[in-house]
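**Q** Mind docking chain B on chain A? Use the hints.
Protein chains: 2
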Amino acid sequence: MGLTFYERVGFEGRRPSPFSWRIRYALAHKEIDFDVHPVRFADVETIRRLSGQHLTPIIDHDGQVTHETWDIANYLEDRFPDRPSLFGGATGRAIARFINDWASSQLSPPLRHVIYADFPAVLDPGDRAYFRSTRERDLGMSLEAACADPEKKLAAFQQACAPLERCLSTQPYVCGGAPAYADYIVFSIFQWARLGSPKEVVAKPSALADWRSRMIALYDHLGDHFLGYPAGSLERS
Amino acid sequence: MGLTFYERVGFEGRRPSPFSWRIRYALAHKEIDFDVHPVRFADVETIRRLSGQHLTPIIDHDGQVTHETWDIANYLEDRFPDRPSLFGGATGRAIARFINDWASSQLSPPLRHVIYADFPAVLDPGDRAYFRSTRERDLGMSLEAACADPEKKLAAFQQACAPLERCLSTQPYVCGGAPAYADYIVFSIFQWARLGSPKEVVAKPSALADWRSRMIALYDHLGDHFLGYPAGSLERS
Numbered sequence: 007m008g009l010t011f012y013e014r015v016g017f018e019g020r021r022p023s024p025f026s027w028r029i030r031y032a033l034a035h036k037e038i039d040f041d042v043h044p045v046r047f048a049d050v051e052t053i054r055r056l057s058g059q060h061l062t063p064i065i066d067h068d069g070q071v072t073h074e075t076w077d078i079a080n081y082l083e084d085r086f087p088d089r090p091s092l093f094g095g096a097t098g099r100a101i102a103r104f105i106n107d108w109a110s111s112q113l114s115p116p117l118r119h120v121i122y123a124d125f126p127a128v129l130d131p132g133d134r135a136y137f138r139s140t141r142e143r144d145l146g147m148s149l150e151a152a153c154a155d156p157e158k159k160l161a162a163f164q165q166a167c168a169p170l171e172r173c174l175s176t177q178p179y180v181c182g183g184a185p186a187y188a189d190y191i192v193f194s195i196f197q198w199a200r201l202g203s204p205k206e207v208v209a210k211p212s213a214l215a216d217w218r219s220r221m222i223a224l225y226d227h228l229g230d231h232f233l234g235y236p237a238g239s240l241e242r243s
Numbered sequence: 007m008g009l010t011f012y013e014r015v016g017f018e019g020r021r022p023s024p025f026s027w028r029i030r031y032a033l034a035h036k037e038i039d040f041d042v043h044p045v046r047f048a049d050v051e052t053i054r055r056l057s058g059q060h061l062t063p064i065i066d067h068d069g070q071v072t073h074e075t076w077d078i079a080n081y082l083e084d085r086f087p088d089r090p091s092l093f094g095g096a097t098g099r100a101i102a103r104f105i106n107d108w109a110s111s112q113l114s115p116p117l118r119h120v121i122y123a124d125f126p127a128v129l130d131p132g133d134r135a136y137f138r139s140t141r142e143r144d145l146g147m148s149l150e151a152a153c154a155d156p157e158k159k160l161a162a163f164q165q166a167c168a169p170l171e172r173c174l175s176t177q178p179y180v181c182g183g184a185p186a187y188a189d190y191i192v193f194s195i196f197q198w199a200r201l202g203s204p205k206e207v208v209a210k211p212s213a214l215a216d217w218r219s220r221m222i223a224l225y226d227h228l229g230d231h232f233l234g235y236p237a238g239s240l241e242r243s
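Chains as they are written, first to last, in this note's numbering: chain A, 7 to 243; chain B, 7 to 243.
Here chain A stands alone, though its shape is the one from the complex (with noise of 0.2 Å):
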């Protein structure tokens, strides 16, 4: 019995997956131990069989299984009521829900056209080719054709991101005084460029700079906790 963690894990152990980061966050902000069962894209029957979808992560709590993140937080912010909140009340999750639409629709996108063509290189060999026909397939052309003319990915996706330059000018975290999980959906966004990606997708210096750094940090460094983009990957991938 307990809590066990259904995690994407990449090359040499990486674990690029934005959704998995905003529940590593989430689970040691709620003080939650965890067995973590590492999952690749070919393992996609696994997951289907556990929770009836193919996404990662999933959680299997007590032979509970819940899959999607917004699902998995809420679950945890119900089931564990006496651990820190991830929402700070009814009015928090909701705004949160609002954070976690922006980052899926206003954020995910920009970024894929700045990391996509280096984001291979942290999967298991065994699973870029599967990687690469399905994203190609989604965005109708190659990863390479998605992120030419970076300079101009780039700042589409840095302007995407000018309300958060201006809100962590006045605050230290996107929820106030302290982190909760509104933060961990916008570090998630983020630890994925950062993983994923030899380039710095966050202007310096900056108050998001600064606030990536406090996230990393927290939980015992829990950002730094697996490795980084492979140096001289561009040219293995």
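Treat the hints as calculated values from the structure; they're not laboratory data. Warning: the hint list may mix true and false statements.
These stretches of chain A come out as covered by chain B in the derived footprint (C-beta under 8 Å, 3 or more residues) [said to hold, decoys possible]: (1) 47–60; (2) 153–164; (3) 176–185.
Using C-beta positions, here's what the derived DEER-type ranges look like [what the hints assert, rightly or not]: (4) R46(B) with S114(A): 39 to 49 Å; (5) S212(A) with G146(B): 19 to 29 Å; (6) D144(A) with D155(B): 21 to 31 Å; (7) K210(A) with G8(B): 44 to 54 Å; (8) A184(A) with K210(B): 35 to 45 Å; (9) A96(B) with S114(A): 48 to 58 Å.
A virtual CB, placed ideally from N, CA and C, is assigned to each residue, including glycine.
**A** Positioned in the frame of chain A, the structure of chain B alone reads:
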């Protein structure tokens, strides 16, 4: 004694300012009575003398003058703690700050390129030249040039609204089951469009359109309390 709301007033008593609307809704939410002191762009010296700056709205509460809508909302929340909360706690307040920054950096700029050519018609005739000259200086082009290629401009604004559509498909208000200040921030942008232009900027049917209707109907149909865009004004302005 009491609360005086210094609010920009336009043609025939219209209220086209988005900043006024978010404070009007906040005052209604807090059930606070107030007097209105209407101001025009031409009344800049009155505002500067009271608040040390030239932007509206401002409030004067028993001699305490506050400007900048975010600071006004926080003032109301802290000075009227026994009234319904605008933020639902510290985390809700902090994330609402992000919404404020998101609306001003991601919604307002593209919306200007949709409605600005229409906007002078809702201002007092004596304020139109001031509005045009200051906004054209900021834009570096005429209002009409800023609004050229209207389909493309509307598409850019609607793309920025994508996270609202997603979020409002899962919950009735940005703040959850009931509206609060983050809703008023976002609604004020749509009210600006609705009262400042004859164009419909919200796709229908949509969760966003339904939410806007609910927001208009709040507080005894507050959103319809003043005149709409003047019929035929495109010819008149």
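**Q** Indicate, hint by hint, whether the structure satisfies it.
**A** Hints versus structure:
1. 47–60: The restraint on the segment 47–60 of chain A is violated, since only 0 of its residues have a Cβ under 8 Å from chain B and three are required.
2. 153–164: Since 0 is below three, the answer is violated.
3. 176–185: holds (count 7)
4. R46(B) with S114(A): 39 to 49 Å: 44 Å Cβ-Cβ, so the 39 to 49 Å window holds.
5. S212(A) with G146(B): 19 to 29 Å: holds (26 Å)
6. D144(A) with D155(B): 21 to 31 Å: Roughly 29 Å apart at Cβ, these two residues keep to the hinted range, so it holds.
7. K210(A) with G8(B): 44 to 54 Å: Once the Cβ atoms are compared, 49 Å apart, the range 44 to 54 Å for G8(B) and K210(A) holds.
8. A184(A) with K210(B): 35 to 45 Å: holds (41 Å)
9. A96(B) with S114(A): 48 to 58 Å: violated (28 Å)
The structure fails to meet hints 1, 2, 9 from the earlier list, while all remaining hints are met.
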